[in-house]
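Asks: Sequence lines, in order, name chains A and B.
The first sequence finishes on residue 184 if you use this note's numbering, and the numbering steps up by one all the way, no holes.
The second sequence finishes on residue 1271 if you use this note's numbering, and the numbering steps up by one all the way, no holes.
Simulated from the structure, these hints should not be mistaken for laboratory data.
Glycine included, C-beta positions come from ideal geometry on N, C-alpha and C.
A couple of the hints might just be wrong.
Unchecked claim - Derived DSS-like pairs (lysine-lysine); straight-line CA-CA distance at most 25 Å:
{"no.": "1", "chain 1": "B", "residue 1": "Lys840", "chain 2": "A", "residue 2": "Lys66"}
{"no.": "2", "chain 1": "B", "residue 1": "Lys1057", "chain 2": "B", "residue 2": "Lys976"}
{"no.": "3", "chain 1": "A", "residue 1": "Lys90", "chain 2": "B", "residue 2": "Lys1134"}
{"no.": "4", "chain 1": "A", "residue 1": "Lys90", "chain 2": "B", "residue 2": "Lys1222"}
{"no.": "5", "chain 1": "A", "residue 1": "Lys90", "chain 2": "B", "residue 2": "Lys868"}
{"no.": "6", "chain 1": "B", "residue 1": "Lys1176", "chain 2": "A", "residue 2": "Lys169"}
{"no.": "7", "chain 1": "B", "residue 1": "Lys840", "chain 2": "B", "residue 2": "Lys868"}
{"no.": "8", "chain 1": "A", "residue 1": "Lys128", "chain 2": "B", "residue 2": "Lys1176"}
{"no.": "9", "chain 1": "B", "residue 1": "Lys1131", "chain 2": "A", "residue 2": "Lys53"}
Said to hold, decoys possible - So, partial list: chain A residues that the calculated Cβ filter (under 8 Å) puts toward chain B:
{"no.": "10", "residue": "Phe38"}
{"no.": "11", "residue": "Gln41"}
{"no.": "12", "residue": "Ile97"}
{"no.": "13", "residue": "Ile145"}
{"no.": "14", "residue": "Ser160"}
{"no.": "15", "residue": "Cys162"}
{"no.": "16", "residue": "Thr164"}
{"no.": "17", "residue": "Leu165"}
Stated by the list, open to error - Listed next, with one range per pair, are the computed distances between beta-carbon atoms:
{"no.": "18", "chain 1": "B", "residue 1": "Gly1080", "chain 2": "A", "residue 2": "Glu37", "range": "54 to 62 Å"}
{"no.": "19", "chain 1": "A", "residue 1": "Glu103", "chain 2": "B", "residue 2": "Leu964", "range": "41 to 49 Å"}
{"no.": "20", "chain 1": "B", "residue 1": "Lys1198", "chain 2": "A", "residue 2": "Cys162", "range": "56 to 64 Å"}
{"no.": "21", "chain 1": "A", "residue 1": "Val60", "chain 2": "B", "residue 2": "Gln843", "range": "47 to 55 Å"}
{"no.": "22", "chain 1": "B", "residue 1": "Glu1225", "chain 2": "A", "residue 2": "Glu147", "range": "20 to 28 Å"}
{"no.": "23", "chain 1": "A", "residue 1": "Glu147", "chain 2": "B", "residue 2": "Glu918", "range": "29 to 37 Å"}
{"no.": "24", "chain 1": "A", "residue 1": "Arg139", "chain 2": "B", "residue 2": "Gly927", "range": "36 to 44 Å"}
{"no.": "25", "chain 1": "B", "residue 1": "Glu979", "chain 2": "A", "residue 2": "Ser173", "range": "32 to 40 Å"}
{"no.": "26", "chain 1": "A", "residue 1": "Glu138", "chain 2": "B", "residue 2": "Gly968", "range": "23 to 31 Å"}
{"no.": "27", "chain 1": "B", "residue 1": "Gly1107", "chain 2": "A", "residue 2": "Asn136", "range": "49 to 57 Å"}
{"no.": "28", "chain 1": "B", "residue 1": "Glu1173", "chain 2": "A", "residue 2": "Ile159", "range": "41 to 49 Å"}
{"no.": "29", "chain 1": "B", "residue 1": "Gly1138", "chain 2": "A", "residue 2": "Glu135", "range": "48 to 56 Å"}
Each chain, written out:
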Amino acid sequence: MNEFVSRIEERKYSVKFLDEFHLQLNEKEYEYSIKKISSDSYVLELNNKTFICSVIENKNSSFEILVNGNLKKVISHSLISDKAEELLKAQSKEHSSVMVVKAPMPGMILKIKKHTGENVERGETVMILEAMKMENEIRAPISGCITLDSIKEGISVEKNTKLFEIR
Amino acid sequence: MIRKILIANRGEIAVRIIRACKELGIKSAAIYSDADIGSLHTILADESYLIGPAPSSQSYLNKQKIIQLAKEINAEAIHPGYGFLSENSEFIKMVEESGIKFIGPSSKSVQMMGSKTAARSLMQKNNVPIVPGTTEPIKTVSEGLSLANEIGFPVLLKASAGGGGKGMRKVYSSNEFESAFESTKREALKAFGNDDIYIEKLIENPKHIEVQIIADEFGNYRHLFERECSIQRRHQKIIEESPSGFLDDQTRQAITSAALNAAKACDYFNAGTIEFLMDSNKNFYFLEMNTRLQVEHPVTELVTGIDLVKEQIMIASGEKISFDQKNINQNGVAIECRIYAEDSSQGFLPSAGKLKVYKEPGGPHIRVDSGVILNSEISVHYDPMVSKLICWGSNRDEAIKRSLRALDEYFIGGVSNNISFLKFILQSKEFQDCTHNINSVEQNILKSFEEQLNLNETDETEIAAAILAAHLKSTVKLKVASENSNTNRWHDLLYE
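Here chain A stands alone, though its shape is the one from the complex (with noise of 0.2 Å):
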């Protein structure tokens, strides 16, 4: 019942909550307290250090929590609906799995230097956006094979236009 777990990208952290003070992490037990000091404003206490926390945004499971200046994107269930998530994921994998890139910002496509059916890897430039002055690299999420719908080089870009699709 007081069983989490929290991703943080690619890691893992089980929390169990123990009683009032005490927690354990990844199997480590930590002393701990946690104060509201405004409605999204958090002091954390974890064995004698302090983070104040702000939490900037919360939908569902997933969170945007600034920890000391550091911003960290979090997705939190309990360990059983942890579980049931992981059991769709691996599921849907077996189906394809499409990643949908949007514009950032509005903007205009200056360069396309991938094109549709062209395979591309994690971290590759896409294509290149200008916006607010400057050019922006638009990398691929994931590696897989491009498909460009209706984006050419000049054209311009409102915020959230689908740019292209990976699979």
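Got chain A; can you put chain B on it based on the hints?
Replies: Same frame as chain A, now just chain B:
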């Protein structure tokens, strides 16, 4: 004496100028676009006026409207800050003709330094070393090729009207020359409406060293020593410092007197900066002159103790420079880090949005110049610079350590930032040894930074985040549970 200044800019530099006005007892008038309603510079100024819609072309670049406003509100002077209209000689001419004082150089000086080829020949005539190359635009490929052979490869083809790293091409051998020549011409025409290009020797891996100068309208010229700005990404400066850890006294003497020659050559007055490239043998070459206040001016202020903006205003009021050259020294070391709203873990994508958390660092010898406060909006319409951190130390090592300490004290939430990248640069061996050059970031530092990103290191703040998220998840559950029981209880009570 000037009684009211209109500040034709926004963000941190508008705030910087307002601060100088207040300390001098001068009224400040801010302008703002629709996107900047309620932003810090509008709050701090004595008066603020909506100038137009968010796009710069209709607001901060609207020459007629700005001058008309200045007249209406009886502003006696306009301070342009940097960027926007600061180096627009047409605007400066319009201001001069309107009878309002422009806080900066004359339109004539700006025009003389605006064309790269004209500036190069002017510098050559006035004993300022220029990069070997042509001072006149090149007409034909064959003319260019013979010149390139004379100068010696590698060479750089540059657009006369270019700037900011655009319209430049490196050529390493004669057989690449023709195609490079044609494409640079095409690019120059497209970007600047003028296809004049010229050739320079390519100085490989130079440092960027610039000299701050200031002059009054009585022909007094002073320099405020150098700044090194070699840490750049895509021709954009990220970290600047004064003094440069690379210069010796002899070179310093030579480069500052060359800078004064450059300023005198164009009858310059007010604050300006002469940029040079310096090779590994400490030979230096004129790059360009920036006829305005620079983003990185605070590092000079911290080591010399001179307030450059106040000095600019006093000079525009018809006063003489307030100090003698012999009384100006470089005391300690100052480093500036530019905090950008960009995600250094995602290819430096700029990030727009609301600053939901914002806390600036403090403590001894820390200066923060910013134009934002909590809940400020970082808009897609303008430069994504959030804040500038300038740290002073009695020596370079202390200044670096202080900068690292202060960067850790920034709390920025709601938009991404480049703080982890700034820290990585400050800790790199190249920066610490002062062997870095203008290509270091893109050739070495960026690569090792991105490798480090993939290492997936866990830090203690991550553990804290993992625990808090789990805690929030557990309290949501409790709340649902208690609400349920309340309903049941109410239900029970009803039927009692």
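Asks: Give a verdict on every hint.
Replies: Each hint tested on the structure:
no.: 1; hint: B:Lys840 - A:Lys66; verdict: violated (56 Å)
no.: 2; hint: B:Lys1057 - B:Lys976; verdict: holds (16 Å)
no.: 3; hint: A:Lys90 - B:Lys1134; verdict: holds (20 Å)
no.: 4; hint: A:Lys90 - B:Lys1222; verdict: holds (24 Å)
no.: 5; hint: A:Lys90 - B:Lys868; verdict: violated (52 Å)
no.: 6; hint: B:Lys1176 - A:Lys169; verdict: violated (47 Å)
no.: 7; hint: B:Lys840 - B:Lys868; verdict: holds (15 Å)
no.: 8; hint: A:Lys128 - B:Lys1176; verdict: violated (40 Å)
no.: 9; hint: B:Lys1131 - A:Lys53; verdict: holds (17 Å)
no.: 10; hint: Phe38; verdict: violated (13 Å)
no.: 11; hint: Gln41; verdict: violated (11 Å)
no.: 12; hint: Ile97; verdict: violated (11 Å)
no.: 13; hint: Ile145; verdict: violated (10 Å)
no.: 14; hint: Ser160; verdict: violated (14 Å)
no.: 15; hint: Cys162; verdict: violated (21 Å)
no.: 16; hint: Thr164; verdict: violated (21 Å)
no.: 17; hint: Leu165; verdict: violated (18 Å)
no.: 18; hint: B:Gly1080 - A:Glu37: 54 to 62 Å; verdict: holds (55 Å)
no.: 19; hint: A:Glu103 - B:Leu964: 41 to 49 Å; verdict: violated (58 Å)
no.: 20; hint: B:Lys1198 - A:Cys162: 56 to 64 Å; verdict: violated (37 Å)
no.: 21; hint: A:Val60 - B:Gln843: 47 to 55 Å; verdict: holds (53 Å)
no.: 22; hint: B:Glu1225 - A:Glu147: 20 to 28 Å; verdict: holds (22 Å)
no.: 23; hint: A:Glu147 - B:Glu918: 29 to 37 Å; verdict: holds (34 Å)
no.: 24; hint: A:Arg139 - B:Gly927: 36 to 44 Å; verdict: holds (43 Å)
no.: 25; hint: B:Glu979 - A:Ser173: 32 to 40 Å; verdict: holds (38 Å)
no.: 26; hint: A:Glu138 - B:Gly968: 23 to 31 Å; verdict: violated (39 Å)
no.: 27; hint: B:Gly1107 - A:Asn136: 49 to 57 Å; verdict: holds (54 Å)
no.: 28; hint: B:Glu1173 - A:Ile159: 41 to 49 Å; verdict: holds (44 Å)
no.: 29; hint: B:Gly1138 - A:Glu135: 48 to 56 Å; verdict: holds (51 Å)
Of the hints listed earlier, those the structure fails to meet are numbers 1, 5, 6, 8, 10, 11, 12, 13, 14, 15, 16, 17, 19, 20, 26, in rising order.
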